[in-house]
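Those protein sequences? They're chains A, B, C and D, same order as listed. Heads up: take any position in the first sequence, counting from 1, add 60, and you land on the working numbering. Heads up: take any position in the second sequence, counting from 1, add 60, and you land on the working numbering. Heads up: take any position in the third sequence, counting from 1, add 60, and you land on the working numbering. Heads up: take any position in the fourth sequence, counting from 1, add 60, and you land on the working numbering.
Bear in mind the hints are in silico, worked out from the structure with no lab data behind them. Just so you know, not all the hints are guaranteed correct.
Since the list gives no way to pick one copy over another, a pair counts as held whenever it fits inside one copy or between any two copies.
What the hints assert, rightly or not - 20 Å max Cα-Cα, derived EDC-like pairs, lysine to aspartate or glutamate:
| no. | residue 1 | residue 2 |
| --- | --- | --- |
| 1 | LYS251 | GLU345 |
| 2 | LYS272 | GLU366 |
| 3 | LYS269 | GLU366 |
Protein chains: 4
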Amino acid sequence: MVRVKIIGAGGFGGVGMIELLQRHPMAKVAWLVDVENVGKPISDVQPHLRGICDMPILSPDQAPTEGVDAVVSATPDRVGMSHAAAHVKAGARVIDYSGDFRFRTPEIYADYARTIGLEPKHLAPELLPQSSYGLTELHREEIRKAKVVGNPGCFAVSIILGMGPAVKAKIIDLSRVIADSKTGASGAGKKPSATLHFPARYENMNAYKILKHQHRFEVETELSKLAGSPVQVVLTTQLVPLSRGIMSTLYGQLDAGWVNAKKIYEVYQAAYGRERFVRLMPLGEASSNAAVRGSNFCDVSIHVEERTGTLLVVSHIDNLVKGQAGSALQNLNVACGLEETAGLMFPGQFP
Amino acid sequence: MVRVKIIGAGGFGGVGMIELLQRHPMAKVAWLVDVENVGKPISDVQPHLRGICDMPILSPDQAPTEGVDAVVSATPDRVGMSHAAAHVKAGARVIDYSGDFRFRTPEIYADYARTIGLEPKHLAPELLPQSSYGLTELHREEIRKAKVVGNPGCFAVSIILGMGPAVKAKIIDLSRVIADSKTGASGAGKKPSATLHFPARYENMNAYKILKHQHRFEVETELSKLAGSPVQVVLTTQLVPLSRGIMSTLYGQLDAGWVNAKKIYEVYQAAYGRERFVRLMPLGEASSNAAVRGSNFCDVSIHVEERTGTLLVVSHIDNLVKGQAGSALQNLNVACGLEETAGLMFPGQFP
Amino acid sequence: MVRVKIIGAGGFGGVGMIELLQRHPMAKVAWLVDVENVGKPISDVQPHLRGICDMPILSPDQAPTEGVDAVVSATPDRVGMSHAAAHVKAGARVIDYSGDFRFRTPEIYADYARTIGLEPKHLAPELLPQSSYGLTELHREEIRKAKVVGNPGCFAVSIILGMGPAVKAKIIDLSRVIADSKTGASGAGKKPSATLHFPARYENMNAYKILKHQHRFEVETELSKLAGSPVQVVLTTQLVPLSRGIMSTLYGQLDAGWVNAKKIYEVYQAAYGRERFVRLMPLGEASSNAAVRGSNFCDVSIHVEERTGTLLVVSHIDNLVKGQAGSALQNLNVACGLEETAGLMFPGQFP
Amino acid sequence: MVRVKIIGAGGFGGVGMIELLQRHPMAKVAWLVDVENVGKPISDVQPHLRGICDMPILSPDQAPTEGVDAVVSATPDRVGMSHAAAHVKAGARVIDYSGDFRFRTPEIYADYARTIGLEPKHLAPELLPQSSYGLTELHREEIRKAKVVGNPGCFAVSIILGMGPAVKAKIIDLSRVIADSKTGASGAGKKPSATLHFPARYENMNAYKILKHQHRFEVETELSKLAGSPVQVVLTTQLVPLSRGIMSTLYGQLDAGWVNAKKIYEVYQAAYGRERFVRLMPLGEASSNAAVRGSNFCDVSIHVEERTGTLLVVSHIDNLVKGQAGSALQNLNVACGLEETAGLMFPGQFP
């Protein structure tokens, strides 16, 4: 059994991992770490776990560094980079949820960090060459060898999986991909705020961080890698009144020779035909949040408008599963040599 | 025009009054007072008011005491009692939203205050004899003469209007009336909290302050007055995932001679036949939150189970209108000599 | 008082007009017509109206054609065109909610009708030259003289108001405007369906009628009129789990000389500075559904991304007010010579 | 592997069983039967199952009767009784979701059937002595031997588990137990209706089938068995705007000697101390829908009001899991000799 240490266990991202590991055949929760509620059983903080997982929350100091097979750091920016080296040294693979390990050089990290007002100096630059961006579908082999995996941002997962094949095949104008992304409220985590106060959010929707969301940085980095040349993304992030789910509606201007849905469909089939967690909808059909909610699936549908030469892709994920803990477990499975789908091949519940 | 000064203008209760006064033919918002966001237009804080009401928020010191016809104090406990005397002295009628003026003697107030952990000493005991409990349907004449009106609690409105006639007619066991009340999240006001964080409240429901909600105090006080003898209420308050609305399901054990829906219906008709804001459903029909949401109506339906001798009353209100700002305006109208229904005789929007 | 006859009174669009007219100073509901529930009081069908409007529902035959000042035909396509001539002949102004009078020639109508599978022959072609597209902000003078007003589609209102000034000033690429529109479920009317069944819609969102929504037709027609040359719109319509509200996120490729937010802002200010129902957000701010819900406002914010040369406009309306009954009343006011804002200058309720 | 045949596979109850069996170690979906969508993969009808379960839907005639280990009949009243005998004869255990096998004699069944307007004649009376009411916690040994299990109604599960121990210990007045139950909309199944149309249900709540819900019948039957004397229940069923979840708030008049929370707590601990799916909250704490949603748990909290001598119990379940498919699987496990908790010992997802 792979022994997993979850840091940041009490937040949505940590709890999502605890939930998933309950039914994992080859990995198990071994230590729960958080800076709040230390000493309490996790089920006091998250009562749905009562009777399922009543392990105590340890402070960072109380939990061992040795003897850990995998660390899931469900923590904000700049936490993972402060402990990753010690865990790696002690033999663990580290999966970090933040932006700390999503970029391969200290320079790119510094650019990212400045964008969101963080200290630009990376605390573990020596780990960056041994790290991988954690979108398994793109970097499976790299992740297998990586010591640290930078789990992707939730919006990024939906956008990269949605537009990746088109960008890689260079069939759209790379200078302006439009990503109109809608997210449920859980993406902001468990801390209460005025904008997520129930009465203020009920029957509400709005765009936020307009053109400024930090996930654009990794989306452009990864799409540019795929294309082999720079890709620019216009990203509009929007809050809609649901708890879980991201729908990204993606627009690209097709090259003249590619205004043909069937040809594009073949490109996507080639990309995703063997992927277990990306479900390409049959041409002419679309998916929905209800189809992916609670699961590790990303549902992608493609649509072409001939008269305007537009490629339209709709991509759905559960932001807390494929957009967070599910991707993390998929990465953990790969990094630890387990079956990639272990503990993840299940549907959500409907309704 | 009656010039209204709203204290606590930026909270849900203050905003509700601003909204109502926009279309009032005889009263208008004259001053907006709050301790937060002083100097800003109210529409900066509540953007739905932009272009409708852009008046600046004044600090308590900036707003006049003289020249005010009515004060609406949409403030927490113990604020209204600190300024009411000055306003009354200057000639204004005061409508206070808190528990400060819901009881007629300093002794009863002290009991109430202790129950919820407040300082028991009333700061304006001399005003209590000149004040009235603000459920207009019960105390219309008193309110007409009162200097200060203690606007009722939201749960209290739904329960007292629902069970008042039965209690007054003494047709049920007064020692144990059961009030099972469900409320939307806006009842807790605009301050964010972990329990009202959108992801935590979505698809959630639970009982809270079980058997301990402070509104029980005024419910029992008023029902006992109606009955002329002590009434005891078992009150269960519950949060359901909507923004506006209270549904109280009320149970009483009928006296043997009263197990007869038609006879009881006549009692309720006698009580509410001429009331404009209490809508008694035809026997056999029920109402819904959608029917009262956004309006000042209280919809009451009565049901009798013969085999168990049970009177069941279902009472619906919008907690922010009939349960708060609407009742306050109804009281203001009466206290200031205006038509009771002025500015209030409208339906909500459906859907 | 303008006597209004509402046809299709029991649907969401008819009820919205009933609600609005309750507080209109110069117009009133005079007859309610529907083909269902004939003979019942409207408040039996829409219980929130109980005590406010209890008028009986008349069959089309029972209601007079003479003596009507204004007809609001809240009816599906091809109903309004069947009765408009008779009402116009008898002296009434007709406001029709459907696509029947949104186009000026039988030929354009035929194109539209074919697109959505309707009979292409217009039944009252002689009225088309006397009709106007009912977006008041664009066609105020025309509406003043029109016998019939074709009330606009809900998506169309949000898109045309959002992109109209940019298109008119020809500062963006007219061959491809992207409209990513999200709507609440009430836009589909009151008829139950599998996709709007509560459990299936809760925590759900999806794109539908992808690239095929019929409102695109009128959007392109009106934007092309404004530009004086053809405009093409890529329209993605999406359902999000709320009842009321449309948010349209609009993207245009800016001409090189116009990549400047302040210059664009001036264009929008010039367009909307004197409009009462279009609220242009200060540069750098955005609005939300909560700010417009329940009101006749359209909130527009503009944003520019310099590096990609993108104009981003976010436009919010309440689909049942500015997107339907509110626009209809605004048109009725203008057509009947009343103050344009009569009965409409109020905020929604928050929360 | 236990081979399970699911009849009524396309409804919420059938789908719930398909979801659960995906991760069951000892039982699997072998045949899916329905009368709609025959021939299509189940994942066409329920797209969240795509890639997980794509088995075709068979008509009742197409699926075998022989070779089936367990039949789950997720069907309306009077369907299960028409096929149960054949399946039992062929060696299968039958779990039926309807009222067909919830009563032990044809006479009691006839009473039940008449109450809800069904034909009173049972079609398989010979099976009734071999059947058991399917609340596992009450009838574990009986279910082990039963050929047919009548899976309980969702409200019934929450009420019987909530009040069972108090009734069995005879510490409350048995002539009038009050059950105030709130349910999400999924309890009504997947068929669209006016009352469950999203816009009509959003921010709505109401009581329905007031004092007439059919589950009262089995609640009284089972509680009376437990008490050994007749128990009467006042049942108010209410719809609140969520998809999944039942909260039953239960009131009993305590016998004078039992007005003591600790003593009652011991009674409940004795009843549930060894139950895996009933979680008794520590005295003074309550639970919530979020704690049970998606899981097979029933969370029970008890509260005592001394001055009125009231026992208040709050009971939470997921109506589609412990209230339906989860209980069915628990029964199937017991009836087929598997571990009772197999495939069921997992938490829901939060948020």
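The hints, checked one at a time:
{"no.": "1", "hint": "LYS251 with GLU345", "verdict": "neither (37 Å within a copy, 23 Å between copies)"}
{"no.": "2", "hint": "LYS272 with GLU366", "verdict": "between (31 Å within a copy, 12 Å between copies)"}
{"no.": "3", "hint": "LYS269 with GLU366", "verdict": "between (32 Å within a copy, 16 Å between copies)"}
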